[in-house]
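*Asks:* As a plain string of letters, each chain reads:
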Amino acid sequence: MKVKLIDIAHARSGDKGDAGNVGVIAYDDKGFEIIKKHLTTERVKKHFEGICFGEVERYEMPNIRAINFLLHNTLGGGGTVSLKHDAQGKILASAMLRMELDV
Amino acid sequence: MKDKIRIASGQGFWGDLIEAPYQQVTKGDVDYLVMDYLAEVTMSILQKQKNKKPNLGYARDLPPLMKRLLPVCKEKGIKVITNGGGVNPVACADAILEEAVKLDIENLKIAVVLGDDIKDRMDELMAAGAELKNMESGEPLKEYKDKILSANVYFGALPIVEALEKGADIVITGRTTDTGLTLAPMIYEFGWDPKNYDLMAAGTVAGHILECGAQSTGGNFLGDWESIENFAEIGFPICEAYPNGEVVVTKHENTGGRVSYDTVAEQLVYEIGDPKSYITPDCIADFSSIKLEDLGDNRVKVYDVKGFKETEFYKVSCSYSSGYSAIGSLTYSWPKALTKAKRADRILRKRLENLGLQFEEINTEFIGYNATQGPLSKELDEDLINEVMLRFAVRANDRATVERFGKEIAPLILTGPPSVTGFAGGRPKPSEVVAYWPALLLKTLVEPHVKILELK
Chain A
4 MKVKLIDIAH ARSGDKGDAG NVGVIAYDDK GFEIIKKHLT TERVKKHFEG
54 ICFGEVERYE MPNIRAINFL LHNTLGGGGT VSLKHDAQGK ILASAMLRME
104 LDV
Chain B
15 MKDKIRIASG QGFWGDLIEA PYQQVTKGDV DYLVMDYLAE VTMSILQKQK
65 NKKPNLGYAR DLPPLMKRLL PVCKEKGIKV ITNGGGVNPV ACADAILEEA
115 VKLDIENLKI AVVLGDDIKD RMDELMAAGA ELKNMESGEP LKEYKDKILS
165 ANVYFGALPI VEALEKGADI VITGRTTDTG LTLAPMIYEF GWDPKNYDLM
215 AAGTVAGHIL ECGAQSTGGN FLGDWESIEN FAEIGFPICE AYPNGEVVVT
265 KHENTGGRVS YDTVAEQLVY EIGDPKSYIT PDCIADFSSI KLEDLGDNRV
315 KVYDVKGFKE TEFYKVSCSY SSGYSAIGSL TYSWPKALTK AKRADRILRK
365 RLENLGLQFE EINTEFIGYN ATQGPLSKEL DEDLINEVML RFAVRANDRA
415 TVERFGKEIA PLILTGPPSV TGFAGGRPKP SEVVAYWPAL LLKTLVEPHV
465 KILELK
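Top to bottom, those sequences are chains A and B.
Residues in the first sequence are numbered from 4 upward in steps of one, following my numbering.
Residues in the second sequence are numbered from 15 upward in steps of one, following my numbering.
Rather than coming from a laboratory, the hints here were simulated on the basis of the structure.
We put the beta carbon where it would ideally sit given N, CA and C, even for glycine.
Accuracy of the hints is not assured; some may be wrong.
Which stretches of chain B does chain A cover? Using the computed rule of at least three CB atoms under 8 Å from a CB of chain A, they are [said to hold, decoys possible]:
(1) 287–296
(2) 401–409
(3) 439–452
Hey, can you work out the whole structure from these sequences and the hints?
*Replies:* Here it is, written out as structure tokens:
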């Protein structure tokens with residue numbers, strides 16, 4: 004079964020130097036079980052192919068049903084140097100929610 | 015000791031809603047107003063302003079804002095804490111004092127936190143063994159020393175606590191952590207021991223929730239954003255803090271926006287790394303310990319926060335000059351808008367190549383197609399695309415190269431694909447690229463101090 008991430012979670016993103024951070028928050032416990040199992044580092048790395056050129060770090064926050072990702076080498080050198088329209092990674096959150104998970 | 019205090023966030027960044035701080039002090043009861051003005055880029059901009067005029071270098075919105083706030087804050091006993099002093103907090107305090115004199119305000123103490131600016135101490139610090147290695151690349155700062163535009167240590171809450179203990183009505187700081195602005199009044203009012211790391215972490219988390227203004231009260235909320243009411247009159251966040259470290263996040267009644275479990279949770283994950291290790295000068299807060307409870311009526315309780323001992327370092331933020339950049343844009347229309355814009359991109363690249371110009375980087379994006387989601391953008395039936403904006407950005411080490419690029423945009427209108435418009439702003443101008451250099455510095459090498467300016 005395919006599950007659209009946008010149906011089970013919301014998210015917010017921002018910048019940390021040249022890395023983007025994307026926190027994905029499940030709306031309920033069932034949703035958190037799904038993202039905990041299926042929203043893996045590899046899955047996220049593949050999703051952001053051509054956007055994230057570095058390592059992906061993944062941290063679980065069960066207290067708020069969230070997983071935080073750090074996408075390294077993603078913002079074209081970081082906020083002040085970057086030539087990208089979205090130099091601060093504001094849109095990475097909605098880009099993440101485009102993902103479909105095979106559950 | 016008070017049994018609770020209410021701390022209001024008035025600004026999430028320099029450039030935020032100008033009316034917000036005034037609303038925060040007039041629409042309901044608060045004890046403190048905290049305003050964060052400083053982003054990483056801001057310090058270098060302020061330093062440039064100070065280089066041109068020695069009495070500038072702070073958030074210039076502050077003195078006129080304080081002119082409006084002072085009579086209200088004075089009457090209600092609301093204290094104001096802000097890092098809007100930038101690289102010249104004394105000049106900022108002087109300008110505010112001048113406004114206070116004009117308003118005939120008496121008995122006013124403005125405290126200025128000094129010592130964060132280490133730009134002029136670089137040689138001395140390096141001689142003392144500080145390498146100020148870039149936290150991302152590991153490079154030592156030495157080779158970039160002459161290009162440095164600004165260098166500041168991030169202070170935490172404690173210098174502000176000292177200012178409050180000295181009776182300050184207004185505290186103006188330079189580079190202070192956003193979270194320290196909110197934590198400080200809690201330490202001061204509740205007599206918290208700075209070695210009680212759970213309490214330090216509780217106040218730090220409250221600060222993180224307040225530091226981006228309305229981003230915790232429904233602004234930029236990616237959940238069910240369409241159901242958020244009255245964005246136009248959005249209420250900025252207020253934290254109601256209790257001596258045991260519990261905090262209730264709320265906003266004034268009769269304001270727009272929403273404070274809910276979801277809006278607060280979304281702000282908690284904003285710009286964090288490892289949630290177990292949120293490092294500030296005051297403590298290491300564990301964001302994976304935070305508990306949230308939605309109390310209804312735009313009130314969310316934040317509790318059970320765990321914290322650990324602070325590190326022996328201050329974070330340092332340096333900025334240095336790193337070449338020039340410029341952005342040109344043109345809008346192409348149906349039919350085949352995207353094909354036209356892509357063709358124009360190729361033409362422009364060829365012309366720049368023929369001119370022999372050397373760029374560090376060229377980046378093309380097609381707004382309306384892939385500028386925000388890159389390769390994740392869906393392929394579109396080109397007949398359904400009404401228009402596409404070609405956004406062409408370049409960066410080079412020398413100004414002349416970037417300036418020459420700026421002259422190649424307009425000619426495309428008469429020498430390239432048709433149905434093109436949107437060139438009204440003149441030639442793209444080179445702007446200086448300021449790069450950011452994060453580093454660490456032993457706390458023992460820097461000493462914050464507090465200066466009091468007084469109107470009797």
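*Asks:* All hints, please: hold or fail.
*Replies:* How the hints compare with the structure:
With 4 residues having a Cβ less than 8 Å from any Cβ of chain A, the segment 287–296 of chain B passes the three-residue criterion, so the hint holds. Proximity of the segment 401–409 of chain B to chain A, defined as three or more residues with a beta carbon under 8 Å from a beta carbon of that chain, is established by the 4 residues found. Against chain A, the segment 439–452 of chain B contributes 5 residues with a C-beta closer than 8 Å to a partner C-beta. That satisfies the three-residue criterion, and the hint holds.
Consistency with the previously given hints is maintained throughout, with no hint failing.
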